[in-house]
Amino acid sequence: MNIVVALKQVPDLQQIRIRNRQPVFDDVPLTLGNIDKNALEAAVLIKEAQGGKVIALSAGDENVEDTIKEALAAGADEAYLVIDDELKGAESSLVAQVLAAAIKNMEDVDLILFGEGSADNYSGQVGSRVAELLGLPQVAFASSLEVNGTTATVTRSLEDCHEVVEVSLPAVITVLSDINEARIPSVTQILKAGKKPKEVVELDDLEVQLPDQSPVKTISNLAPDSQRKKVVVKSVDELIQALEAEGVIRR
Amino acid sequence: MATVLIFSDKNNMALELLTAAREIGAAAIKAVTINDSQAAQELANAGAEVYNIDQPDLVLADAAAVASALAQAVEQLQVDTILLSSNRRCKEYAGRLAQIIGAGCLTDVTALQVNGGQIECQRNALGGATVATQAITAARQVIAIRPRTYEAAAAASGGSVNSLQVNVQPSAVKVLEVRGKEGDSVDIEAAEILVAVGQGMESKDDLPLAEELARKLGGEVACSKPLATDKKWLSEERVVGLSGKKCKPQLALLFGISGQVQFTVGIRDARVIVSVNTDENASINQMSDYILTADLKQVLADLNKAL
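For the protein sequence lines, the chains are A and B, in the order given. Using the numbering used here, the letters of the first sequence map in sequence onto residues 1 to 251. Using the numbering used here, the letters of the second sequence map in sequence onto residues 252 to 558.
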């Protein structure tokens with residue numbers, strides 16, 4: 001069972017500060033997306049039970065070579081990295097083409113896992129796009145996943161129900177954060193991670209035709225302008241009076 | 252704005268998309284329904300030109316098949332702008348549909364505005380810390396809009412129900428079972444008043460005070476994520492925030508909530524926000540209309556007595 005887990009390098013969101021409504025990225029470390037770690041954990045659990053290999057796949061700038069060590073420490077057997085400055089913050093459709101081209105270069109891939117959305121952009125379209133590019137079936141929003149030979153049984157959690165489906169392999173599956181609790185690697189595992197095999201390729205090495213222009217442009221990206229009254233009230237009575245004046249209670 | 256195609260597996264959301272398409276000035280609005288003649292009729296009654304695909308071998312659980320069917324509809328109906336609802340089901344279709352038809356795609360869109368013929372979309376970015384305004388520059392666009400962003404369209408004339416045939420490949424996805432979600436069926440996104448509690452609440456024994464207040468105000472109890480996932484005091488249906496619900500009540504009363512962006516992204520659209528905390532410097536105070544620095548248990552008890 002060869003399992004590819006796609007992981008995205010993102011800035012550590014907890015450490016982004018806002019200045020004049022602008023996000024400030026200075027000194028913010030890079031990490032892997034949180035839900036991506038759940039996807040990795042799901043892959044490692046399958047490998048531990050059934051054997052096989054877990055390949056951590058990522059595309060990004062040169063920092064990704066360091067960032068991916070987190071995944072190698074947490075149970076991935078090897079890494080496949082596409083490194084190019086153009087891939088830093090690349091738009092979803094471009095990333096999908098790069099990941100699909102990389103997966104086509106691998107042999108005997110049975111399962112491709114993603115988090116349901118990236119930590120920073122959370123658009124949730126790369127998994128679906130990769131599935132289409134590879135002509136594979138897909139199941140998103142998995143809250144449980146069980147592999148039985150040539151099929152997987154997946155519980156897809158929707159807003160109003162759980163849908164249990166059987167999908168033939170190979171397939172693309174995106175997971176929810178509640179599918180498992182991702183392990184925290186030990187110091188020994190972290191030290192060993194650097195020695196695990198890594199294949200590093202550049203964009204030119206892949207058969208991928210990227211458009212001249214990104215299909216999505218960002219016009220602005222600002223913290224919301226919070227126009228709040230910020231009135232300090234001294235007592236419950238004063239609060240009730242204020243809320244009555246607003247017309248939001250005792251209407 | 253040219254012709255717009257709308258689709259949602261949930262008809263109330265499809266009716267919202269109809270409103271969205273009208274607001275961006277669509278010249279004509281076509282809608283697709285799948286094996287749902289009742290939804291087709293309802294959309295037609297609201298003025299849409301509806302195309303129902305009546306092919307039982309096309310199942311919603313197979314995203315590859317549905318995306319392919321929608322792509323065929325796009326070609327047959329000759330549209331370049333497709334609006335989907337951004338519930339999980341349709342969000343899964345969005346990327347795949349966009350890939351087939353060579354479109355740019357934005358999901359979880361919370362507002363649309365047309366500027367110089369271009370649809371500008373707002374969506375949360377950086378985990379909710381910022382709101383990005385983005386536009387698709389590709390010739391084709393797939394935009395998935397968060398449920399409840401628009402009102403459902405009311406009855407209107409000019410609609411029709413037509414049928415559409417698509418090719419459906421044998422499915423690689425088989426539905427074994429559909430289970431309802433057990434337990435809590437609360438809908439905090441629909442509540443006009445929310446009483447939200449966070450980690451500042453010290454004991455589960457204080458929870459009934461919040462429940463009593465919510466009852467008295469005709470609202471619902473909500474919470475930050477740790478109270479549901481770590482402490483398990485409340486169900487995940489009640490979680491407000493990035494990985495929970497995005498709510499825009501008339502009034503949000505926040506008790507013991509510090510104000511991390513993962514939470515505030517789900518409440519910042521409330522009309523009036525009140526925060527009650529022991530810490531007068533809590534960051535939530537910066538985005539509150541009324542701030543009361545006091546013991547939340549006492550405030551809850553006093554509110555319950557007074558209201």
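These aren't lab readings, by the way, just hints derived from the structure by calculation. Among the hints, erroneous ones may be present.
With a cut-off of at most 30 Å between alpha-carbon atoms, the simulated DSSO-like pairs for lysine-lysine come out as follows [stated by the list, open to error]:
no., chain 1, residue 1, chain 2, residue 2
1, A, K229, B, K556
2, A, K234, B, K548
3, B, K476, A, K230
4, B, K425, A, K234
5, A, K230, B, K499
6, B, K455, A, K217
7, B, K425, A, K230
8, B, K425, A, K53
9, B, K499, B, K482
10, B, K556, B, K499
11, B, K425, A, K229
12, A, K88, A, K192
13, A, K229, B, K467
14, B, K548, A, K229
15, A, K230, B, K548
16, A, K234, B, K467
17, B, K425, A, K47
18, A, K229, B, K499
19, B, K467, A, K230
20, A, K104, B, K425
21, A, K234, B, K556
22, B, K455, A, K234
23, A, K234, B, K476
Treat the numbers as computed from the prediction; the structure is a model and nothing was measured.
Item checked: 30 Å Cα cutoff - pair K230(A), K499(B) -> holds, 18 Å
Check: Between K88(A) and K192(A), is the straight-line Cα distance small enough, at 30 Å or below?
Finding: holds, 27 Å
Item checked: Given hint K229(A) paired with K548(B) - CA-CA distance at most 30 Å -> holds, 24 Å
Item checked: Restraint check for K234(A) with K476(B), where alpha carbons must lie at most 30 Å apart -> holds, 29 Å
Margin query: What's the verdict on K425(B) and K230(A), does the C-alpha distance respect the 30 Å limit or exceed it?
Written below: Between K425(B) and K230(A) the Cα gap is close to 54 Å, so the pair fails against 30 Å, i.e. violated.
Margin query: Need the status of pair K425(B), K53(A): alpha-carbon distance at most 30 Å?
Written below: holds, 27 Å
Checklist line | Pair hint K467(B) and K230(A), alpha-carbon separation not exceeding 30 Å | finding: holds, 25 Å
Margin query: Tell me if the straight-line CA distance from K476(B) to K230(A) falls inside 30 Å.
Written below: Within the cut-off at roughly 25 Å; holds.
Margin query: Between the alpha carbons of K425(B) and K47(A), is the straight-line distance 30 Å or under?
Written below: holds, 24 Å
Next item on the list: Would you check the hint for K230(A) and K548(B), treating anything up to 30 Å between C-alpha atoms as holding?
Entry: holds, 22 Å
Checklist line | Holds or violated: K455(B) to K234(A), with C-alpha atoms at most 30 Å apart | finding: holds, 26 Å
Note to self: Check the hint pairing K229(A) with K467(B) against an upper bound of 30 Å on the C-alpha distance.
What the structure shows: Roughly 25 Å separates the two Cα atoms, so the pair holds.
Of the numbered hints stated above, those contradicted by the structure are hints 4, 6, 7, 11, listed in ascending order.
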